[in-house]
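**Q** Residue numbers (the numbering used here), protein chains in the order written: chain A, 1 to 396; chain B, 1001 to 1396.
Where hints are given, some of them may not hold.
[Said to hold, decoys possible] Simulated DEER-style distance windows between Cβ atoms: (1) B:Gly1086 - A:Pro293: 52 to 62 Å; (2) B:Glu1138 - A:Asp342: 46 to 56 Å; (3) A:Asp360 - B:Tyr1072: 31 to 41 Å; (4) B:Asp1224 - A:Pro293: 51 to 61 Å; (5) A:Glu136 - B:Arg1214: 35 to 45 Å; (6) B:Pro1311 - A:Lys48: 47 to 57 Å; (7) A:Lys48 - B:Gly1212: 37 to 47 Å; (8) A:Asn11 - B:Met1001: 32 to 42 Å; (9) A:Arg53 - B:Gly1333: 52 to 62 Å; (10) A:Pro376 - B:Tyr1072: 29 to 39 Å; (11) B:Glu1138 - A:Pro311: 57 to 67 Å.
FYI, nobody ran anything at the bench for these hints, they're computed from the structure.
These numbers were taken from a predicted model, which means no experiment stands behind them.
Ideal Cβ placement from N, Cα and C applies to all residues, glycine included.
Protein chains: 2
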Amino acid sequence: MNYEFSDRLKNLQGNAIREIFKLLSQPGVISFAGGFPAKETLPVAEIKDITNRILDENGAEILQYGGTEGYYPLIESSCEYVKRDGIVATPDKTLVISGGQQGIDLTFKAFINKGDRILVENPTYLACLHILKTYEGEAIGVDSDEDGINIVDLAKKLVLYSPKILYLVPNFSNPTGKTLSVEKRQAVYELCKKHGCIILEDNPYGEIRFSGNRVPAIKSFDRDGIVIYITSFSKVISPGLRTGIAVASPEIIRKLTIGKQAADVHTASLSQAIVDRYLREGRIDPHLKEIVPVYKMKKDAMHDAIGKYMPEGIRFTDPDGGLFIFAEFARKGVNTDEIFKDVVEKTGCAYVPGSSFYADGKTFNALRLNYSNATPAEIEKGIKALGGYFTKLLED
Amino acid sequence: MNYEFSDRLKNLQGNAIREIFKLLSQPGVISFAGGFPAKETLPVAEIKDITNRILDENGAEILQYGGTEGYYPLIESSCEYVKRDGIVATPDKTLVISGGQQGIDLTFKAFINKGDRILVENPTYLACLHILKTYEGEAIGVDSDEDGINIVDLAKKLVLYSPKILYLVPNFSNPTGKTLSVEKRQAVYELCKKHGCIILEDNPYGEIRFSGNRVPAIKSFDRDGIVIYITSFSKVISPGLRTGIAVASPEIIRKLTIGKQAADVHTASLSQAIVDRYLREGRIDPHLKEIVPVYKMKKDAMHDAIGKYMPEGIRFTDPDGGLFIFAEFARKGVNTDEIFKDVVEKTGCAYVPGSSFYADGKTFNALRLNYSNATPAEIEKGIKALGGYFTKLLED
Chain A
1 MNYEFSDRLK NLQGNAIREI FKLLSQPGVI SFAGGFPAKE TLPVAEIKDI
51 TNRILDENGA EILQYGGTEG YYPLIESSCE YVKRDGIVAT PDKTLVISGG
101 QQGIDLTFKA FINKGDRILV ENPTYLACLH ILKTYEGEAI GVDSDEDGIN
151 IVDLAKKLVL YSPKILYLVP NFSNPTGKTL SVEKRQAVYE LCKKHGCIIL
201 EDNPYGEIRF SGNRVPAIKS FDRDGIVIYI TSFSKVISPG LRTGIAVASP
251 EIIRKLTIGK QAADVHTASL SQAIVDRYLR EGRIDPHLKE IVPVYKMKKD
301 AMHDAIGKYM PEGIRFTDPD GGLFIFAEFA RKGVNTDEIF KDVVEKTGCA
351 YVPGSSFYAD GKTFNALRLN YSNATPAEIE KGIKALGGYF TKLLED
Chain B
1001 MNYEFSDRLK NLQGNAIREI FKLLSQPGVI SFAGGFPAKE TLPVAEIKDI
1051 TNRILDENGA EILQYGGTEG YYPLIESSCE YVKRDGIVAT PDKTLVISGG
1101 QQGIDLTFKA FINKGDRILV ENPTYLACLH ILKTYEGEAI GVDSDEDGIN
1151 IVDLAKKLVL YSPKILYLVP NFSNPTGKTL SVEKRQAVYE LCKKHGCIIL
1201 EDNPYGEIRF SGNRVPAIKS FDRDGIVIYI TSFSKVISPG LRTGIAVASP
1251 EIIRKLTIGK QAADVHTASL SQAIVDRYLR EGRIDPHLKE IVPVYKMKKD
1301 AMHDAIGKYM PEGIRFTDPD GGLFIFAEFA RKGVNTDEIF KDVVEKTGCA
1351 YVPGSSFYAD GKTFNALRLN YSNATPAEIE KGIKALGGYF TKLLED
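Take the sequences, apply the hints, and build the full model.
**A** Here it is as structure tokens:
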């Protein structure tokens, strides 16, 4: 049958990263393409212990249907959790979501009509661009500096495009690893407030900080109900549980909840209860103390290998946290999409081509490297191989 | 701030049932309003045992990100599971979803543009109507007979409205409890095929059959790739796990997968692994043997109490399975929305007003009763109280 798919999906392909994952499942390939937390940081034994107690004490409730808003104990413990970002949340301002990404989907569902515009830092999280396409919205890229989004360009584009939403990952951005300075956070808030633009503040990586000082969330300045703050437990506990939190004004939370009711009724209750107990039992800080050095060690391994093996003519970011290093070739002719297959074949090593992260999909001289899902030895070996390839490429 | 919500959500309220749930949380109220499985049927001990083995044997994989298509072992065991409905599924035709309802959402996401029409049996599952509103589609009701949707009216409306989708719950429909006969299933299939209309066959209750014989799924006739079959493990294992399965042509599954990637990346892996082992270890049939008599006993209790306490002038369905009895007042003036609050106050007992289940939302003389979530004593007490109220109402 010749299916008449909807306008929103008929030309949409899978997002680049999830498609790349499939290509890379062969053994032997060193993948810097993912965004997985380091598997050695997943707290299997703790979760087993917690799950046994949940099912012993509260099994029938946890296996039954729950409310769309979320498992009430988790709503409470999440309000406590987000205090570390300077956020004052109450249950009416809080919604449990099925992973941080659902928060982006629900926000666009609640705000975006076909043709509506959003602003994103250029480059930005590719799933945000992908989700926006399913709502037939348009993403406009805003220039980015060392310390995050460029305020002059933001001011200009707020006027020029009347965007409904500004999407930002202020801590250790995906893909660049950059962090937005506190001064810029305040400036972003004031500018968006002035122009009636909602800020969607996505913070999946904030707790994975291995240098520098914590910066308060943009949401912590929010006296006007214009910021939707999303955080996820994927990088600090487990992504397989698909559990995150959105914090916004009660009116926005009610709309997100109606959207979620239609999407998946509620987040898996066992996942919610596991995250709740993990937080409530004070396990998160000792766990972070254990796992953050693992990320630091891997980032250092990649940074050192870049220094040793990468040629002049490629600029790399050096993040204070998170999972990613971003690279840009100075020479404009380099096309990281075109060389991708050849790179994988010749080096046994993969990255994500940069074009996926740009609003217009047309910047080809960049790439993203993930360091969390490889060993230091693999990182050394992989960066050496990539360095060799790129050195030759730039000599040609 | 004065939020500019999207057209799809700006006028949408929460679905009636989930709003009613909130009202009914006071202790002492006997609720026939839910659609929860009987809590005594939830296999807590088995799930605890299974979860321990999953985390011991496979913990890091299960806590890590997974593929959007689903946990591969569950895809395999689901292909085996749907054979009981006469369906031949292969992994490329199968998608794990976050509860059966997500299958409706993803189908509409893949097919429905603003203004597109779907056909539904009148009355139908209210979440289907609610989800459709989030895609700005239009639902057209088709008449219903004792044995399900009216074929003459269906044929007429396929021509009149050129619908993209026909949505049906062929086994123990929500809200009526009716089952579509095999002859009608074949007729529905042929008619929809002729008119190029996709059939969305939703089967959450099929395994909860306590009388009559199993009828093959419409999907079992599908040689043309026009049927999307959804089933859920909510009623046979646990709703809190939020896990179901969609089976459709590979081309449709690819589109649903792209939609799901944007929605929640993947279904919670621990939930998926629990369901997989439950199926793979052959636990489902012994479990059904235990739980189906519980539902039969409760349905019988409600049916008997209706015979004893309900006045003439209300017609009740008598289902062969599932969770619901549907009631219609012969007298047209009765408005089950208007009397709802008074009924709850005077009888301590709640139902779902029928209007929520009709495509036009304007049929007020009906109501839905759920029997799975009360004890036989509560059912007797509640129906007696409701019967008294309705007797008086019809005498006035």
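**Q** Of the hints stated earlier, which fail here?
**A** none
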